[in-house]
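This is what each chain is made of:
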Amino acid sequence: MSVSLAMTVNGKPVAADVDARTLLVDFLRNQLSLTGTHVGCDTAQCGACTVHVDGQAVKSCNVLALQVQGASIVTIEGLIAEDGTMHPMQEAFRDCHGLQCGFCTPGMVMSAIDLVNRHPQADEATIRAELEGNLCRCTGYHNIVKAVRQGAAAMGK
Amino acid sequence: MGANDTTGLASVIGQPVLRKEDARFLTGTGQYTDDVSMPRQTHAYFLRSPHAHAAIRAIDVVKAKGLPGVIDIFTGADLTGVNGLPCGWLITGSDGKPMNEPPHPVLAQGKVRYVGDAVALVIAETVDQAKDAAEAIVVEYDVLPAAVNVVDALAPGAPQLHGEAPGNKCYTWALGDRSAVEAAFAKAAHVTRLDIVNNRLVPNAIEPRAALASYNRAEDAYTLYVTSQNPHVERLLMTAFVLGLPEHKVRVIAPDVGGGFGSKIYLYAEETAMVWASKRINRPIKWVAERSESFLTDAHGRDHVTHAELALDKDGKFLALRVQTTANMGAYLSTFASCIPTILYATLLAGQYTTPAIWCEVTAAFTNTAPVDAYRGAGRPEATYVVERIVHQAAVEMGIPQDELRRRNFIRAFPYQTPVALNYDIGNYDQTLDAAMEMADVTGFGARRDESQKRGKLRGLGYASYIEACGLAPSNVAGALGARAGLFEAGEVRVHPTGSVTVFTGSHSHGQGHETTFAQIVAARLGVPVDNVSVVHGDTGRVPFGMGTYGSRSLAVGGTAIVKALDKIVAKGSKIAAHLLEAAETDIEFKDGKFSVAGTDRSKTFAEIALTAYVPHNYPLATLEPGLNETAFYDPTNFTYPAGTHICEVEIDPDTGVVEVAAFTACDDFGTIINPMIVAGQVHGGVAQGLGQALLEHCVYDRDSGQLLTGSMMDYALPRADDLPSFTVDTKVTPCTHNPLGAKGCGEAGAIGAPAAMMNAVMDALAAVGVTHLDMPASPQRVWNAIRQARDPALVGHA
Amino acid sequence: MYTVEFAQPKTLADATATLASTGGRPLAGGQSLVAAMKLRLSQPGTLVSLSGIPDLKGIRRDGERIVIGAMTRHAEVASSDIVQSAMPALSSLAEGIGDRQVRNMGTLGGSLANNDPAADWPAAVLGTGATIRTDRRALTADDFFKGMFETALAADEIITAVDFPIVQRAGYAKFPNPASRFALVGVFVARFANGDVRVAVTGAAPSVFRAKAIEDALKRSFTPDAAKGVAVDASGLNSDLHGSAEYRAHLISVMASRAVAAMS
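Protein chains in written order, with the numbering used here: chain A, 624 to 780; chain B, 111 to 909; chain C, 69 to 332.
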């Protein structure tokens with residue numbers, strides 16, 4: 624079944640007809656060619672697919688595109704400014720070596736921004752607890768925690 | 111000959127240069143295999159066996175082929191002329207005979223031998239259509255009893271997997287001096303015995319395996335994008351040994367790869383079948399594993415059962431170590447499987463110690479489970495676990511402090527020839543132990559333990575003084591030990607006319623940051639900015655050759671290949687400079703990016719020399735070719751031996767059995783450090799995987815049916831951020847003596863030391879309540895049961 | 069996943085009518101249903117999205133009761149001032165469901181209708197003796213949960229809201245499965261003004277149940293030790309890789325005592 628879909632993605636209006644079973648992540652990757660959002664698992668646990676829906680972190684692999692009809696979606700590609708300046712959280716991840724293979728990184732950065740929006744001064748324990756939905760196999764999380772703290776400080780300015 | 115100035119290396123070497131690769135990863139512009147698409151591409155789905163062991167009586171694809179969107183379906187019977195997947199290491203048994211090497215078909219031939227074994231390749235316009243078709247394939251199986259664990263598989267009367275492997279045995283192999291060991295045990299003042307299991311793991315890189323295979327009819331050539339740690343090896347094995355294709359007509363590209371940890375080294379059935387099929391359907395074929403498929407079919411790791419005995423004299427000096435290990439190969443031999451529990455394991459059983467006599471016997475068995483092969487550490491975590499657990503136990507039994515017992519046995523004179531073949535070039539084990547103890551505040555542990563006790567908790571401290579053999583490997587040694595390949599590395603340094611540089615390396619990077627560290631090496635040597643150096647890896651169409659990235663070899667072997675190529679660049683540059691400066695070659699010095707005449711202020715910059723090489727007007731054309739582009743192949747003369755001490759502190763809640771890792775400290779000697787930020791990151795990641803093994807992870811098959819019980823992240827516990835603390839890591843440096851970088855490698859150390867350190871801490875904590883044995887993972891249930899059984903031995907709990 | 073039709077009704081009546089005529093399933097947050105569909109474990113044929121129906125949202129206090137709309141996301145319950153001031157045990161339970169991303173989509177109604185044996189909300193609903201309001205009736209908690217993934221709801225019946233009595237004291241302690249982070253054992257303890265105690269256990273059995281022995285012990289003495297001292301019968305409890313029945317039985321008393329200890 625094909626259904627019409629309209630939403631905003633990274634600030635731009637998008638309209639398409641989609642097969643009802645299209646997952647949001649597949650719509651982003653395949654129809655909009657926004658391949659920065661990744662699929663890492665099939666039980667909605669790894670968080671590599673995390674995007675923002677109306678400002679909140681959501682696993683795009685576990686929602687149908689139609690469920691976010693009319694919403695505003697931000698993906699990793701939407702963080703960078705027009706002039707190419709990175710978001711402070713992206714900068715922080717780079718500064719702190721909070722990524723290695725990069726595959727979990729887009730989802731991790733989106734979750735980190737959501738986390739800081741709600742806990743601007745999150746301590747280590749809070750950061751670790753709030754990242755429960757994002758798996759990383761490379762970094763051991765040590766530098767991710769540092770990056771989130773640094774990103775939080777930078778976002779607070 | 112122009113002088114080579116290695117002091118120029120000081121500028122960016124050892125600096126935490128931020129990574130060049132991050133720009134694309136952080137902005138979502140990386141190119142992982144699933145991000146690549148080709149016009150007219152189709153999608154593949156593999157129908158897999160639901161049974162651990164069964165004969166295939168018939169496969170009916172007629173209805174499936176007629177479903178919407180289906181392009182074709184292939185089974186094992188269609189793959190005529192296609193050989194099985196090869197094993198790259200021939201182990202010779204202790205009976206002098208080669209190992210049993212049953213065929214490893216690309217698609218099942220008449221029989222399936224593990225749940226997940228590929229039975230059919232379905233190709234359709236969409237993944238859903240391919241899945242619909244797979245559901246419509248009718249396979250008639252005669253289900254057979256399964257042999258699931260190594261003990262059951264080797265028992266008399268066990269179900270036989272392969273006619274070529276009677277008794278399900280692959281080999282029995284041994285290393286060491288059995289009679290010297292027996293003699294030592296006869297004289298021992300004390301013998302410590304330990305039975306341990308090294309738990310089976312699923313690697314779980316966050317990017318699942320994927321491939322995109324395409325055939326170009328006009329050129330009769332193939333292009334394969336694949337998640338590989340070693341595209342040249344992938345190409346060589348696939349073309350020469352399996353598909354019989356001309357090697358030069360196949361291009362293998364490993365683009366951005368989201369983690370490997372060993373699981374992406376091997377030649378797998380999926381991409382092989384897809385390359386074969388791409389010619390038949392003449393359209394590109396894409397496949398991305400689902401996570402549940404990764405659990406079923408990525409090569410698993412570890413899975414050893416070991417009995418070990420350590421003989422000591424009355425002062426705790428190690429006299430001998432004897433080890434018997436049964437190792438699981440899985441249903442088929444994966445590419446390097448045979449060498450993991452032998453060459454990469456038994457040779458490390460001396461550890462950091464002067465144990466004079468060692469004997470190790472390993473039996474490798476086939477079971478109805480997924481193939482088992484290298485996973486971060488590959489044999490060395492298994493060896494370290496045996497050595498450090500038995501040393502811990504001996505210290506407890508003899509009432510000698512943990513650090514003291516280790517010190518009484520440390521090797522202090524180098525080079526040191528171990529009784530298990532390896533020759534350690536250099537190390538300083540006291541230094542890393544001392545530093546680790548100080549960073550871990552071992553002196554304050556007693557007070558921390560008392561404080562935990564007041565809260566009703568048990569606290570423990572554990573050590574692992576590990577060593578590993580890395581920088582694989584000297585080819586002649588490897589060959590003598592059964593390797594069917596060389597283990598050199600290749601590096602090409604291409605200087606462009608404008609003085610910027612592109613480096614082509616066989617060392618693929620899938621998280622290790624080679625694009626940055628290798629650029630640092632080149633920048634430092636040539637005196638050019640890091641930003642002027644690009645590093646290319648992962649493409650057989652661009653990189654001359656490469657054995658790939660694993661075994662912590664990239665810097666030691668790949669980096670040295672680049673250094674050798676740089677030597678040639680500087681040598682040629684010196685010749686050009688000598689001509690331009692009208693001086694003798696022997697008077698030319700190269701330092702800080704300048705070629706100068708010794709004792710004068712006359713010089714040419716590297717940029718000037720580069721341009722001259724490509725605009726050779728004032729140039730010694732009679733004796734020197736234009737251009738500035740050099741390649742080197744480097745074969746190491748020895749393994750490298752990173753070593754160190756890891757200390758873990760745990761707090762256990764006896765009410766629930768929950769183990770909390772309160773602190774983890776690592777002091778490692780990796781030789782020369784090129785980028786300390788990247789090195790620390792490698793240690794963090796390795797430690798996390800090592801703690802994952804000790805605390806959380808366990809790949810479990812049902813003993814009777816062979817069904818994979820831990821088939822998803824719902825049942826297989828991967829470490830999350832709140833499972834782990836922040837770590838304290840540091841390095842000491844004793845430069846490797848046999849490569850110009852002095853580098854030893856660092857990628858696997860964390861996974862090697864952490865499991866033993868953590869389990870020793872757990873045993874230390876549980877000693878207070880009488881627990882004397884526990885295997886990994888120390889899950890809450892297992893810990894709680896161990897405590898309960900120690901209190902009341904009549905109780906039976908789950909293991 | 070299998071093909072599916074998608075309906076977007078604007079009223080409750082339309083939704084129930086569509087469910088009845090298509091035999092499909094309601095879609096709330098999708099965190100369980102979409103996941104099951106992806107694995108081809110569920111083939112609903114038609115999804116009837118509830119997100120466009122206005123009557124299903126909102127949290128309000130109604131005297132001595134808190135009424136939470138069925139389409140309220142877990143994250144909304146967790147951060148609700150009304151819930152935090154009246155019954156913080158509910159907001160902290162909601163805060164512990166899944167992870168952040170799941171909490172932003174998953175709903176109270178969806179969780180209850182699914183009745184996963186390891187879900188958290190069933191423990192709070194049974195533990196407080198809440199009332200489940202649907203499009204056609206009100207069900208008591210004691211009547212609602214029937215078995216593993218099974219409730220008293222008819223195939224076309226839709227939960228509209230859950231009506232929680234504000235109890236005197238309540239607490240929830242969850243012991244997570246190390247892999248899935250679902251409740252291996254989750255215990256919700258509620259103490260009522262009249263001295264009555266309810267103890268609801270999730271994760272340990274095929275469906276949420278009341279631990280009568282612990283309720284009796286806490287009625288006599290509402291202390292952590294009283295709960296801890298109860299030896300829970302292991303028979304009938306789940307047993308798997310992560311927890312034997314004996315281990316779960318042990319954890320029930322431990323978690324009950326921790327719920328009491330943490331209580332406000």
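It is worth saying that the hints were derived from the structure and are not from the lab. Treat the hints loosely; a few may be bogus.
Result set (EDC-like, lysine to aspartate or glutamate): computed pairs, CA atoms no more than 16 Å apart in a straight line [said to hold, decoys possible]:
1. C:Lys-106 with B:Asp-238
2. C:Lys-106 with B:Glu-400
3. B:Lys-564 with B:Asp-765
Taking the hints in turn, this is what the structure says about them:
Proximity of Lys-106 of chain C to Asp-238 of chain B is assessed by CA-CA distance (about 10 Å); at most 16 Å being required, the pair is judged to hold. Distance hint between Lys-106 of chain C and Glu-400 of chain B is fulfilled; the C-alpha atoms sit about 11 Å from each other, no more than 16 Å. At roughly 14 Å between alpha-carbon atoms, Lys-564 of chain B and Asp-765 of chain B fall within 16 Å of each other, so this suggested pair holds.
Of the numbered hints given earlier, the model fails none.
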